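Asks: For reference, the chains in residue letters:
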Amino acid sequence: MSEAVLDHAASERYAQATQLQLTWWRFRKHKLAVASLVVIILFYLVAIFADALAPNDPHATDARRSFIPPQGIHLFDDSGFNPHVYGLRGVRDPRTFKLAYAPDPARKLPVRLFANGYSYDLFGLFETDIHLFGVVGGNRGEGIFLLGTDQLGRDLFSRLVVATRVSLFIGLAGVTLSLLLGVLLGGISGLYGGWVDTLIQRVIEVLRSIPTIPLWMGLAAALPNTWSVTQIYLAITIIISLIGWTELARVVRGRFLSLREEDFVVAAELAGASQLRIIFRHMLPSFASHVIAAVSLALPAMIVSETSLSFLGLGLRPPAVSWGILLQDAQNIQVLAGAPWLLAAAVPVILAILAFNFLGDGLRDAADPYG
Amino acid sequence: MNVLEVAALKKHFPIRAGLLRREVGRVRAVDGVSFSIAEGETLALVGESGCGKTTVARCILRAQRVTSGAIRFSPAPGRVVDLAAVPKAALRPLRRHIQMIFQDPYASLNPRMVVGDIIAEPLKVNGVPAAERAARVLELLDLVGLPALARSRFPHAFSGGQRQRIGIARALALNPRLVVADEPVSALDVSVQAQIINLLLDLQDRLKLSMLFVAHDLSVVRHVSDRVAVMYVGRIVEVAPTDALYRTPRHPYTETLLAAVPAPDPARRGRRIVPRGEVADSAKPPPGCAFHPRCPHVVDRCRVERPNLIDLGAGRQVSCHRARELSLAGVG
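First to last, the protein sequences are chains A and B. For the first sequence, the UniProt record's numbering gives the first residue as 1, with consecutive numbering after it. For the second sequence, the UniProt record's numbering gives the first residue as 1, with consecutive numbering after it.
In case anyone wonders, no lab produced these hints; they're calculated from the structure. Remember, predicted model here, so these are calculated numbers, not experimental data. Ideal Cβ positions, reconstructed from N, Cα and C, are used throughout, including at glycine. Just so you know, nobody snuck in bad clues.
A short list of chain B residues far from chain A (calculated; beta carbon distances all over 12 angstroms): (1) Arg-22; (2) Ala-135; (3) Leu-143; (4) Ala-194; (5) Asn-198; (6) Asp-202; (7) Gln-204; (8) Ser-219; (9) Ala-260; (10) Val-261; (11) Pro-262; (12) Gly-277; (13) Arg-322; (14) Gly-330.
Derived CB-CB ranges, DEER-like: (15) B/Ala-329 x A/Tyr-192: 52 to 58 angstroms; (16) A/Val-203 x B/Val-279: 39 to 45 angstroms; (17) A/Thr-198 x B/Val-279: 33 to 39 angstroms; (18) B/Leu-19 x A/Tyr-192: 20 to 26 angstroms; (19) B/Ile-15 x A/Tyr-192: 21 to 27 angstroms; (20) A/Asn-225 x B/Arg-16: 53 to 59 angstroms.
Input sequences plus hints: build the corresponding full structure.
Replies: Printed below as a string of structure tokens:
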């Protein structure tokens, strides 16, 4: 009896499920995509709270602490639970006379949550110097270097965290711009057809036939040296989305063309519905999910574009910090031999790209629950 | 009083080729079709796929532009408009008077709208106030035999037959003068087909519907239609009251169509007539009678002279040179 009632409730829930619910139910079964979604949410949380997560000022240089290897956190000492890192001691190599840092177990720097550090603006609103974790005490130049430091003595972990913000948001900004261009031009192309359609499609073909790296290099080289970091950032976003919109425009156009022939659209037209109502009530909701899936597949391409441009020295320039700029430091084989930890900057790139691709796959499969 | 009079309707599709998209030929999908539908009458338009019957339906609904001809429609008693001549902008106020039942109940309902909204849409876009809409939706659901709680569900919760009921409710929402049903049961299971046919019969009875029923299945047509028009390659070859057509077909093509209707009783199975060859290509129809290459009764005249639709009396028209001399086999 109660089972039958439950059964009925479940089928009624299914009967009244909106597209969003159906999509979610289907997406949930795609375990890899759900895991990727979690990873991506974590990435964006890191990006939003970058300054609070970075224990050291990502821009502070200190020649004495260049190329410090990654430091481990020790959780216990003789007195019990007391997380700490070792202090540093300069040791001169007897053969090369090069000064290298070695951990000094004699001095312990305690690690604390919500420690004070460099000051920054949280969300650009209020100034604070509270960081999620950091060391208490220690001499100038000492600190917690989870992933070691670079040649200029900057903390790689802090720089990576701050770079996440730049790299992920440049992707978002680029995709937003592509989306606007793509939906607008693709929509016009699909709705009006005729010579407008032909013109837009030929423009897309020409744009897509240009090899991207030389095009970007040309455009990026044309940016004036005198521009500020923000201006360059905006310009790079526009350059990247210049190619990105074509794919989205094709998706939108294709959906418009196929939807125009759908029976339920014809039915609305025969009922006397206005063109606007048909577009906004019937057509747009039918392909919004496809566009979201296309966007989540376009994002990693954007991120890779920014990374490769910056890696080649054509994208963002120091003092801006992005994944590409961090990888630029790892270009030199001699540096890499001495400080292999600089390659750590590649890990978040790979993770983010994989996660976005799996998420995009999952969304694409779940996007049309009626198919 | 006729609700619809179609006169010499033509719909040609140009075949374009080459870089300049020059017209190299024409598909004569509908090539001079005339018929009428009286008030409260159901006319069935039958023929093989590709004969142009769906194009006729779409022309009447003005989902397609007409090449030439007239579609005289009466939106209200005493008023007649030629739908073929109305500009597209002036079409919207007329749309409410002709509604359509679609073939595929899976494609014709927007999956993202609840059933109540789907049925109410024609009402909404024609300015019926919300309270009235809600009452009308309940009335329509009851009319097509669906429970009232169906209105808050999405189409994915319904079977093909139930979806077709929803489609019928939507078509009837505005009390249209004419309903065009484009193969309304051919996408359904046979058992469900019977239910939908019964529903349509019931609605004809209660609402005095005028209907154009497009179908390829003659066994279905027999139950719902008052008269039948048989189409072949863009033209009507025979029009007759349903019973007369089934009992004594006058066109050889009608005879072959009837012979293809499966008879459930083996004792009553007649000889099968399988026409030779393929359906004629409407881009280059054969000279003379379009059916002559396949016709078992062909004479020399059929190969050169195209027959016109002639009146045989008793509401029968046929376009065959030998209509008066042949005696053809019907069913039941």
